[in-house]
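**Q** Each chain is listed here by its residues.
Protein chains: 2
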Amino acid sequence: MTRNEFKSLIEKKEPILLDGASGTEFQKLGMPIGVCPEKWVLENADAVTMVQRKYVEAGSNIIYAPTFGANRFKLGDYGLEDKVVEMNLALVQVTQNATKGEALVAGNLSPTGEQIYPLGDRVLEEFIDVYKEQVKALVQGGVDLFVIETMMSLQEARAALIAVKESCDLPVMVSMTYDESGVTLYGTDPLTALITLQNLGADAVGINCSTGPEKMIPIVEKIKPHAKVPIFIKPNAGLPKMIDGTAVYDMKSDTFASYCKELIGVGANIIGGCCGTTPEYIKELKDELAGLKTILPNTKQGSCISSERKTVVIDLDNETRIVGERINPTGKKQLQAELREGSLDEVTRFALEQIEMGATILDVNVGMNGIDEKEMMVRVIQHLSRLVDVPLCIDSSHIDVIEAALRVYPGRALVNSISLEEVKIKELLPIVAKYGAMFVLLPLSDKGLPKNIEEKKEIIQTVLEKAKAFNYQREDIVVDGLVTTVATNALAAKETLEVIRFCKEDLEMPTIVGLSNISFGLPNRSYLNSAFLTMAIASGLTMAIANPSSELLMMAMHSSDVLQNKDPGSMRYIRKSSEQQEEQ
Amino acid sequence: MTRNEFKSLIEKKEPILLDGASGTEFQKLGMPIGVCPEKWVLENADAVTMVQRKYVEAGSNIIYAPTFGANRFKLGDYGLEDKVVEMNLALVQVTQNATKGEALVAGNLSPTGEQIYPLGDRVLEEFIDVYKEQVKALVQGGVDLFVIETMMSLQEARAALIAVKESCDLPVMVSMTYDESGVTLYGTDPLTALITLQNLGADAVGINCSTGPEKMIPIVEKIKPHAKVPIFIKPNAGLPKMIDGTAVYDMKSDTFASYCKELIGVGANIIGGCCGTTPEYIKELKDELAGLKTILPNTKQGSCISSERKTVVIDLDNETRIVGERINPTGKKQLQAELREGSLDEVTRFALEQIEMGATILDVNVGMNGIDEKEMMVRVIQHLSRLVDVPLCIDSSHIDVIEAALRVYPGRALVNSISLEEVKIKELLPIVAKYGAMFVLLPLSDKGLPKNIEEKKEIIQTVLEKAKAFNYQREDIVVDGLVTTVATNALAAKETLEVIRFCKEDLEMPTIVGLSNISFGLPNRSYLNSAFLTMAIASGLTMAIANPSSELLMMAMHSSDVLQNKDPGSMRYIRKSSEQQEEQ
Ligand SMILES: [Zn+2]
Ligand SMILES: [Zn+2]
Ligand SMILES: [Zn+2]
Chain R
1 MTRNEFKSLI EKKEPILLDG ASGTEFQKLG MPIGVCPEKW VLENADAVTM
51 VQRKYVEAGS NIIYAPTFGA NRFKLGDYGL EDKVVEMNLA LVQVTQNATK
101 GEALVAGNLS PTGEQIYPLG DRVLEEFIDV YKEQVKALVQ GGVDLFVIET
151 MMSLQEARAA LIAVKESCDL PVMVSMTYDE SGVTLYGTDP LTALITLQNL
201 GADAVGINCS TGPEKMIPIV EKIKPHAKVP IFIKPNAGLP KMIDGTAVYD
251 MKSDTFASYC KELIGVGANI IGGCCGTTPE YIKELKDELA GLKTILPNTK
301 QGSCISSERK TVVIDLDNET RIVGERINPT GKKQLQAELR EGSLDEVTRF
351 ALEQIEMGAT ILDVNVGMNG IDEKEMMVRV IQHLSRLVDV PLCIDSSHID
401 VIEAALRVYP GRALVNSISL EEVKIKELLP IVAKYGAMFV LLPLSDKGLP
451 KNIEEKKEII QTVLEKAKAF NYQREDIVVD GLVTTVATNA LAAKETLEVI
501 RFCKEDLEMP TIVGLSNISF GLPNRSYLNS AFLTMAIASG LTMAIANPSS
551 ELLMMAMHSS DVLQNKDPGS MRYIRKSSEQ QEEQ
Chain A
1001 MTRNEFKSLI EKKEPILLDG ASGTEFQKLG MPIGVCPEKW VLENADAVTM
1051 VQRKYVEAGS NIIYAPTFGA NRFKLGDYGL EDKVVEMNLA LVQVTQNATK
1101 GEALVAGNLS PTGEQIYPLG DRVLEEFIDV YKEQVKALVQ GGVDLFVIET
1151 MMSLQEARAA LIAVKESCDL PVMVSMTYDE SGVTLYGTDP LTALITLQNL
1201 GADAVGINCS TGPEKMIPIV EKIKPHAKVP IFIKPNAGLP KMIDGTAVYD
1251 MKSDTFASYC KELIGVGANI IGGCCGTTPE YIKELKDELA GLKTILPNTK
1301 QGSCISSERK TVVIDLDNET RIVGERINPT GKKQLQAELR EGSLDEVTRF
1351 ALEQIEMGAT ILDVNVGMNG IDEKEMMVRV IQHLSRLVDV PLCIDSSHID
1401 VIEAALRVYP GRALVNSISL EEVKIKELLP IVAKYGAMFV LLPLSDKGLP
1451 KNIEEKKEII QTVLEKAKAF NYQREDIVVD GLVTTVATNA LAAKETLEVI
1501 RFCKEDLEMP TIVGLSNISF GLPNRSYLNS AFLTMAIASG LTMAIANPSS
1551 ELLMMAMHSS DVLQNKDPGS MRYIRKSSEQ QEEQ
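So the protein sequences, as listed, match chains R and A. One point on numbering: in my numbering, the residue at position 543 of the first sequence is 543, and numbering is uninterrupted. Count along the second sequence from 1, add 1000, and you get the number used in my numbering.
Please keep in mind that the hints were generated in silico from the structure rather than gathered at the bench. Built from N, CA and C at the ideal position, the CB exists for glycine as well. Possibly wrong hints are sitting among the right ones.
[To be verified] Sample of chain R residues lacking proximity to chain A, with all beta carbon distances greater than 10 Å (derived): (1) T2; (2) E5; (3) Q27; (4) R72; (5) D169; (6) E288; (7) K300; (8) E341; (9) G370; (10) A404; (11) K494; (12) G514; (13) M555.
[What the hints assert, rightly or not] The calculated label-pair distances, taken between Cβ atoms and stated as ranges, are: (14) G569/R <-> D1446/A: 31 to 37 Å; (15) E551/R <-> E1353/A: 56 to 62 Å; (16) N1318/A <-> P568/R: 34 to 40 Å; (17) G265/R <-> G1521/A: 29 to 35 Å; (18) P568/R <-> E1455/A: 23 to 29 Å; (19) T330/R <-> E1221/A: 49 to 55 Å; (20) E579/R <-> G1521/A: 17 to 23 Å; (21) S1258/A <-> L491/R: 39 to 45 Å; (22) K1451/A <-> L491/R: 36 to 42 Å; (23) Q473/R <-> E1455/A: 35 to 41 Å; (24) T1462/A <-> L491/R: 33 to 39 Å.
[To be verified] Here are some of the chain R residues that sit facing chain A, going by a computed Cβ distance under 10 Å: (25) G23; (26) L316; (27) A490; (28) I518; (29) F520.
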């Protein structure tokens, strides 16, 4: 099945049915606790085929092959690490025997049971390789598509997704498992998973296991506005109750189906069951959803970036975002010395301080002499991704550094920056697009700085066209206002304000400025920077790269948001004001 | 001659010729030093008529009647205070005998020799009465128009002008005499005289005596762009040299005429000679100017207000103006107590401090219980007009208070404010128009605050129409943005910014806001006020009523002016920054 065929299937607006539980059904068939499930399946292939056949007959359009733990790490727990290819091929066959071509077969990738560096010892690349081995076998076995499911680590989900994307062109669905507090074991929330995964190339993003269907309704409602891909839901038959040491799922099939109907109503496109559900549940579901139409994915997701644990929406009409500029060794002697010695203490301090002062995104630039920038960038990103939960802006003039950073960054990054220079368009843009990152569009070309505002606007439009070929939309690109100092060009501020207005009003694109450039060469710069930020916000600015430790600047930003009706009830302004009071 | 006939005469674009010197000619005829010139003229009427006849024959279109000192105060020096009417009638006859209807006869009003309160004991009203007595006699004698000349006190010139305007409808020309430094004895500069007098109803404004014609060229160049009335010039034949105790003017008539030609080239419409010139000079002038066309007065003067010694141009594309708000007893216990006791110490302190901090206009409001507001307003205006040289904004809710203030204010005031309320349009507008003051248009009506921005715009347009009937133009009116707090209306700032943009871009009108209203009810107000000022300046604001002692606010203003290219070379910003440094 091609990705386009998958898309066409969704566009029919008929709810697509997945299968129900495997694990709990296998236990009913007698699978003991503690065995390797994949080995047991192969030893009980006919019985498993029969269960899966019942799902097909109940109406499932997609059956998950029982390859859940069939990766080298997991099989290694049972001394089966050398059987990956062989087992996956055989496991696919079990399902294909059940579907007889009447339902699609999804190769199932699931957690490896290992933790990724820096939590564990193994680096991301090892996980990608492990998944790739399984993916290749499943492709060879003839699966129609992939499902990555029951993921708790967003980074591990990324590893599996990258493995699929780099191995084949089959559609791939990814679902995460959330606990009752609404986040994964590693702290990822559903919106953050959606943003990260749909931009990395997932064809559907979903939730499986976790809870009963009723708890998923508000989650789907919340993430649907940002979903550019179908949402799929595979809930348990309610929350488990432990009876005699066994998890019992006691939501009846009619109740289950009725909640699932509501899930379709709020935006789920694909639906099935997880633990505790049976072919009866899928049959009930099919009847309940008959004739129902699904809500198609959106064409836009909003300007969203994410860390592993948080999404920041860069809203044209909402909160102005400060991108903390301090993690950048240029002109910072102590930071340079520490980085040379391999210490990240100053990076830690800058990160925490900037967030404390109000930065909601951190720019990361480690370009300096005497260090391996790529290695350091990867280290800093790994470090900051654990330390803080704000999204990062990856800032480098070297394409290989940005590529390495994007690969290891566990969310949807912002990349700073892509201009109309040939090397950026030809080499950097495809890489940034591969990882689905947002990027800062710097309106200059190989000819240098644009001579006037018309040329600036032309460059913006041209880069936009080039990026559209990589499926970028306006909302995915932040235009840099390209600030120069008023000390040498009296019209510098007015020209940048016009670019901001043009992007906001005519293109509906977010904008960013490097504030401090405006006042270069003049005294008392913080006053000029603050006034410029205020004017820029009034012209429609969405983000500023700045040092948030200037109270003058931050109060100007908060005041401007109040005045531009970007801070409902002046809540952020009042909170910031009272924080200030406490400090005094 | 009607004022319209005078205007038509100017519109022919032919240079209008005045006469030459009287005094120095009479001295040649034997008039001794120390006598009453008017008495001497009447005793030597035939000789004087003959001199004036020569001017007519040389080409003068207007002959000044020899009524220079024929006012009660001046004649009083010779015990002739009861002969005012009789002498003026006779003196006009002397000139009429010379002109024989071939030239116009101008009744001549000149300094009384007395100083006006608070410099002297006599109040303005006495001077108006003295001039009125002379004006009525001259009208009875049949003068064609009036000239008020050789004035050194702008306030005395105003007294004479008010006297003419309140006595007849004849055209009236007013010229001041400047010393070599370019200001009058009382410190008035030519632009300030022009702005004050043309708005008070002068039909031509000029310079006489003072210096030779060459020094007047740059002055005419400078004031011409603001002149809505013809400019007239009556220079001496060079600077006097004292020879044997007598002033000798030695610029030759051809040199004189050649400079006068240049004066026509830079914008003079009416020209003649003062001390040292003779009928020969006028003859030479007539030949030199033959065929030359004058530059007509402008239809616009710019948004200018003045004190007695300074003009402030409220330029849409230049320096933002801070109107100091502190001279207002509302909420100020000490100021209230002092005003009740009749002390102006606090007023003095507020005035000086606000100017020191950057206010270029001062709002004056003395409305409070327990004092006679009208009396206090007149006192404060008299006091401040001597103390400081910034123009004043007359701020009262009582029409009689504003009227008394405008009469005594020695420049072109700004009045705060006129709304669409019936009492303001019917009663206040005609008074404000009589004194030619600029006014603040407050966009509210008898129905109260406008419900939305469209209603606000409608009120602005309606008041504008009403004001046009009184010869007001857009440039003469400053629209108040009518600021309310964002605490109760989240769109308050955006709506006011739109009014400012509308006035600047669509109407090309100056705007003013009372800054502090925006933040009422919120903490940390100075940040909000400063950010709002910055946004307002970016939207086109020209003035703000504020307390300039807030450094945050003033630096926001100076920064905004730099960013909006309203501070060429960042000169004011850099100066303000270095002042700050010095204070620290
Ligand atoms: Zn489950
Ligand atoms: Zn670390
Ligand atoms: Zn003279």
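**Q** Each of the hints needs a verdict: does it hold here or not?
**A** Hint-by-hint comparison with the structure:
1. With a least beta-carbon separation of about 49 Å from chain A, T2/R lies farther than 10 Å from that chain, consistent with its non-interface assignment.
2. For E5/R, the condition that its CB be more than 10 Å from all CB atoms of chain A holds, with the nearest at approximately 48 Å.
3. For Q27/R, the condition that its CB be more than 10 Å from all CB atoms of chain A holds, with the nearest at approximately 58 Å.
4. The claim that R72/R is not at the interface with chain A holds, since no C-beta of that chain comes within 10 Å of its own (minimum 58 Å).
5. Every beta carbon of chain A lies more than 10 Å from that of D169/R, the smallest distance being close to 49 Å; the non-interface claim holds.
6. Here E288/R stays apart from chain A, with its beta-carbon at least about 44 Å from theirs, past the 10 Å limit.
7. Listed as outside the interface, K300/R is consistent with that label: its C-beta sits roughly 25 Å from the nearest C-beta of chain A, beyond the 10 Å cut-off.
8. With a closest Cβ-Cβ approach of about 38 Å to chain A, E341/R is found to remain outside the 10 Å limit, as its non-interface label requires.
9. Here G370/R stays apart from chain A, with its beta-carbon at least about 38 Å from theirs, past the 10 Å limit.
10. With a closest Cβ-Cβ approach of about 39 Å to chain A, A404/R is found to remain outside the 10 Å limit, as its non-interface label requires.
11. At roughly 6 Å, the least C-beta separation between K494/R and chain A is not larger than 10 Å, which violates its mark as non-interface.
12. Even its closest Cβ contact with chain A, about 15 Å, leaves G514/R beyond 10 Å, as expected for a residue assigned away from the interface.
13. The Cβ of M555/R sits about 4 Å from the closest Cβ of chain A, inside the 10 Å cut-off, so the non-interface label is violated.
14. Taking 31 to 37 Å as the suggested C-beta distance range, the pair G569/R and D1446/A conforms, at roughly 34 Å.
15. Remark: the range hint 56 to 62 Å for E551/R to E1353/A is contradicted by a beta-carbon distance near 26 Å.
16. For the pair N1318/A and P568/R, the supplied restraint of 34 to 40 Å holds, since their beta-carbon distance comes to about 37 Å.
17. Separated by about 43 Å at the C-beta atoms, G265/R and G1521/A break the suggested range of 29 to 35 Å.
18. For the pair P568/R and E1455/A, the supplied restraint of 23 to 29 Å holds, since their beta-carbon distance comes to about 25 Å.
19. Look at T330/R against E1221/A: about 52 Å separates their beta carbons, and that is inside 49 to 55 Å.
20. Between E579/R and G1521/A the CB atoms are about 19 Å apart, so this pair conforms to the stated range of 17 to 23 Å.
21. Our hint of 39 to 45 Å for S1258/A and L491/R holds, since their Cβ atoms are close to 44 Å apart.
22. The beta-carbon spacing between K1451/A and L491/R, approximately 38 Å, falls within the hinted interval of 36 to 42 Å.
23. For Q473/R paired with E1455/A, a C-beta distance near 40 Å keeps the hint of 35 to 41 Å intact.
24. At roughly 37 Å, the beta carbons of T1462/A and L491/R sit within the given window of 33 to 39 Å.
25. Proximity of G23/R to chain A is violated relative to the hint, the smallest CB-CB distance being about 53 Å (cut-off 10 Å).
26. Interface restraint check for L316/R: the shortest CB-CB distance to chain A comes to about 15 Å, outside 10 Å, so the restraint is violated.
27. About 5 Å separates the beta-carbon of A490/R from the nearest beta-carbon of chain A, less than 10 Å, and the hint is met.
28. A least Cβ separation of about 7 Å between I518/R and chain A falls short of the 10 Å threshold, and the interface hint therefore holds.
29. This hint is violated: F520/R has a C-beta 12 Å from the nearest C-beta of chain A, more than the 10 Å allowed.
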